[in-house]
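Participant: So you can see what is in the structure, the chains are spelled out below.
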Amino acid sequence: MSTSVDFLLWVRGPGFDIALVVFLIGIVIRLLEVLILGRKPDFAEPRGAELGAGLRTLVTRTLPEQGSFRRSPFTVVGGYIWHIGFFISLFLFIPHIELINATIGLSWPGIASNLVDAVAAVTIVTLVAMLFSRMSHPVKRYLSGPEDYLTWLVTILPMITGYLAYHRMIDPYPLALGLHILSVEILMVVFPFTKLMHAFTFFIARWYNGAMAGRRGVQS
Amino acid sequence: MSEATLERGMNAFREQMDAPIASFFSSCVNCGMCAEACLFYTETGDPRYTPINKLEPLRRVWEQEYTLWGKVKSVLGLSQPVTDELLEEWESLIYDGCTLCGRCSMVCPVGNDISYMIRHAREGFVAAGYSPEGMKGASRRAVTIGSPMGVKYPALAAQIKHVEADSGLQIPVDVEGVDYMALLSSMEIMNFPEYLEALARIFKQAGVTWTISSEAFEATNAGIQIGSSDIARELVNRVVVAAEKLKVKYVISPECGHAYTAIRWEGPNLIGRPYSFKVVHILELLDELRASGRLKTEGMDETRLTFHDPCQIVRKGGVLEPPRNLLKMVASEFVDMHDAREMNWCCGGGGGVSANERAEELRLKVFKRKKTQLDELNVETLVTACANCRLVIEEGLEEYRMEIPVVGLTEMLAEHLVEDKSE
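These protein sequences, in sequence, are chains E and X. Mapping of the first sequence onto full-length UniProt numbering: residues 1 to 220, in sequence order. Mapping of the second sequence onto full-length UniProt numbering: residues 1 to 423, in sequence order.
No wet-lab data here; the hints were simulated from the structure. Just so it is clear, CB atoms sit at the ideal spot from N, CA and C, and this is done for glycine as well. Be a bit skeptical, because a hint or two may be false.
Partial pick of chain X residues on the chain E-facing surface, computed with a CB cut under 8 Å [to be verified]:
#, residue
1, Thr50
2, Thr144
3, Asn269
Quick list of in silico lysine to aspartate or glutamate cross-link-like pairs, DMTMM-like style, CA-CA up to 25 Å [stated by the list, open to error]:
#, chain 1, residue 1, chain 2, residue 2
4, X, Lys73, E, Asp42
5, E, Lys40, X, Glu15
6, X, Lys247, E, Asp148
7, X, Lys152, X, Asp230
8, X, Lys71, E, Asp42
9, X, Lys136, X, Glu376
10, X, Lys71, X, Asp46
11, E, Lys40, X, Glu321
12, E, Lys40, X, Glu399
13, X, Lys371, X, Asp46
14, E, Lys195, X, Glu65
15, X, Lys328, X, Glu399
16, E, Lys195, X, Asp18
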């Protein structure tokens with residue numbers, strides 16, 4: 001079994017380091033690429049303040065506008081379920097918290113493993129349903145290119161490999177765990193170069209949207 | 001203007017790139033929800049009209065030139081360049097299929113201001129030579145004649161004479177040192193002179209000192225619509241020069257949507273400095289007069305009526321409360337449409353679409369959205385505050401055989417004015 005142990009050691013050691021460096025440097029570069037462009041000065045006399053309106057949009061866009069919810073219920077509900085499920089699986093699973101604690105010394109309470117297990121199952125099913133929606137809804141199908149399917153794949157892989165490892169469905173266990181960690185590393189490496197970056201840039205986008213509308217006296 | 005080429009278009013795209021646009025493209029996850037906010041998609045079912053898709057050329061410029069990964073992909077030959085063919089294909093999406101109404105910008109879950117990007121992307125299309133003939137013609141007439149509809153001052157002078165004869169009031173022209181300089185849209189001059197008469201009557205009653213400039217009376221700005229900052233700047237500058245020459249404190253933007261965006265929000269940035277005067281929308285001014293008790297009306301219109309919020313005045317202009325405050329003065333049976341105020345649906349003719357003849361069929365098709373809104377209400381009258389919306393809605397109503405008169409809010413108020421009969 002030395003090969004699967006070697007594999008695990010590699011993904012936990014050098015593999016993880018490489019992924020982390022790419023992830024962190026990539027994100028910093030991407031954020032700089034956005035912010036460095038700046039904005040031209042606006043000489044029009046403002047009707048309202050930018051700051052408050054921008055921060056408000058940052059929060060309020062988390063909820064869908066009523067009409068949009070009625071017209072895209074699946075996208076909205078599916079989006080909520082899998083995002084929340086993904087974050088619960090990532091941050092509230094006790095072994096994950098222990099790993100984070102061992103790495104950066106931060107810790108918080110987790111939830112029961114069987115509950116995380118159920119959440120993970122729902123998340124995986126929802127992600128599969130989202131893929132079907134992407135391939136069948138006329139707008140989403142039209143908009144989608146290889147990147148949309150690649151990001152779907154690298155997002156669901158950690159969920160699936162985690163699920164398989166937790167249920168000991170891959171033998172030997174070091175291989176199962178190694179595959180899970182590797183899938184996370186793939187996600188981390190792909191992250192800064194794809195639309196996954198929205199997890200960081202949406203703060204900027206929402207702020208600009210709210211601020212520019214707020215300047216004109218509209219809460220967007 | 002120098003000759004339009006792809007290279008000039010690419011340079012124009014690059015000049016538009018800023019942090020908001022980069023953050024928007026970085027954040028899009030192709031969820032498709034903006035499509036459901038756009039009447040061009042909801043009424044046609046054609047996914048090409050998905051708002052974010054209309055920006056594909058600008059997105060490519062951003063990805064290939066403003067992201068490290070995009071540059072790598074370009075070097076490896078993995079990215080699709082922006083070509084004349086692409087711009088030609090996308091021209092109808094970004095001009096015929098977008099009114100810059102900004103509804104998509106209100107719903108995007110990651111917060112993308114899509115209409116902001118479309119306004120900027122049009123700069124590249126114009127510079128590359130891909131813009132509709134109708135809009136090019138309007139821009140040319142605006143620059144050379146002074147009005148997109150080719151209206152020169154003598155035509156306005158003739159209307160002024162008519163209005164003066166009808167109302168017995170004097171319309172001040174080129175009067176220095178008054179408080180307000182009023183602008184008009186060509187459509188108001190040619191199709192709805194009632195607006196001018198309404199202004200004269202209301203201002204007389206309220207004691208507002210005002211004038212029209214014979215040198216800069218046109219409020220519309222074809223440059224804003226086609227997306228040419230050079231043209232837009234030239235047109236805004238005429239107003240600024242006239243207002244500063246007449247030493248007015250305020251310039252009044254008329255019942256025209258994009259004129260307000262042009263003179264109020266884009267103008268100072270086009271000329272690169274703040275104005276020495278303030279810009280008010282006519283509804284803002286009337287609401288101020290109402291609040292201070294200087295606008296007095298009598299009688300209530302008892303017909304069931306609704307208000308169509310012009311996108312550029314309400315959602316993108318921030319004039320939210322004045323129209324309803326004013327309507328309440330004179331209409332007892334006012335009802336709002338299902339999606340009203342900042343979520344209202346466009347008439348389908350904004351952003352230059354109504355000046356673009358080849359887009360007429362599409363425009364009438366997407367008017368079904370407004371028809372549906374009106375059908376739900378069963379109203380007898382529609383009030384609005386934009387001459388372009390008004391004309392587009394009138395044509396739409398005629399197409400769908402709906403008999404609902406369309407009225408301008410300012411003239412409606414003037415009809416209920418308590419007038420000083422002492423003279």
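Participant: Run every hint past the structure and note whether it holds.
Facilitator: Okay, the hints, checked on the actual structure:
The restraint placing Thr50/X at the interface with chain E holds, with a minimum CB-CB distance near 5 Å, inside the 8 Å limit. Proximity of Thr144/X to chain E is violated relative to the hint, the smallest CB-CB distance being about 27 Å (cut-off 8 Å). For Asn269/X, the suggested interface contact is upheld, since its CB lies about 5 Å from the closest CB of chain E, less than 8 Å. For the hint linking Lys73/X to Asp42/E, the alpha-carbon distance of about 35 Å lies beyond 25 Å, and the restraint is violated.
Between Lys40/E and Glu15/X the alpha-carbon distance is near 11 Å, which keeps this suggested pair within the 25 Å criterion. Distance restraint check for Lys247/X and Asp148/E: the Cα-Cα separation of roughly 57 Å exceeds the 25 Å cut-off, and the hinted pair is therefore not satisfied. Between Lys152/X and Asp230/X the CA atoms are separated by roughly 22 Å; this keeps the pair inside 25 Å, and the hint holds. Taking the CA atoms of Lys71/X and Asp42/E, the gap is near 31 Å; set against the 25 Å cutoff, the hint is violated.
For the hint pairing Lys136/X with Glu376/X, the CA-to-CA distance comes to about 38 Å; that exceeds 25 Å, so the pair is violated. Using a Cα cut-off of 25 Å, the hinted pair Lys71/X and Asp46/X is violated, with the two alpha carbons roughly 32 Å apart. A distance of roughly 30 Å separates the Cα atoms of Lys40/E and Glu321/X; the hinted pair therefore is violated under the 25 Å criterion. Of the supplied pair hints, the one linking Lys40/E and Glu399/X is violated, its CA atoms being roughly 44 Å apart against a limit of 25 Å.
At most 25 Å may separate the alpha-carbon atoms for a hinted pair to count; Lys371/X and Asp46/X meet this at roughly 19 Å. For the given pair, Lys195/E sits about 17 Å from Glu65/X by alpha-carbon distance, which is consistent with the 25 Å threshold. This hinted pair does not check out: Lys328/X and Glu399/X have alpha carbons roughly 30 Å apart, beyond 25 Å. Distance check on the hinted pair: Lys195/E and Asp18/X sit about 18 Å apart at the alpha-carbon level, within 25 Å; holds.
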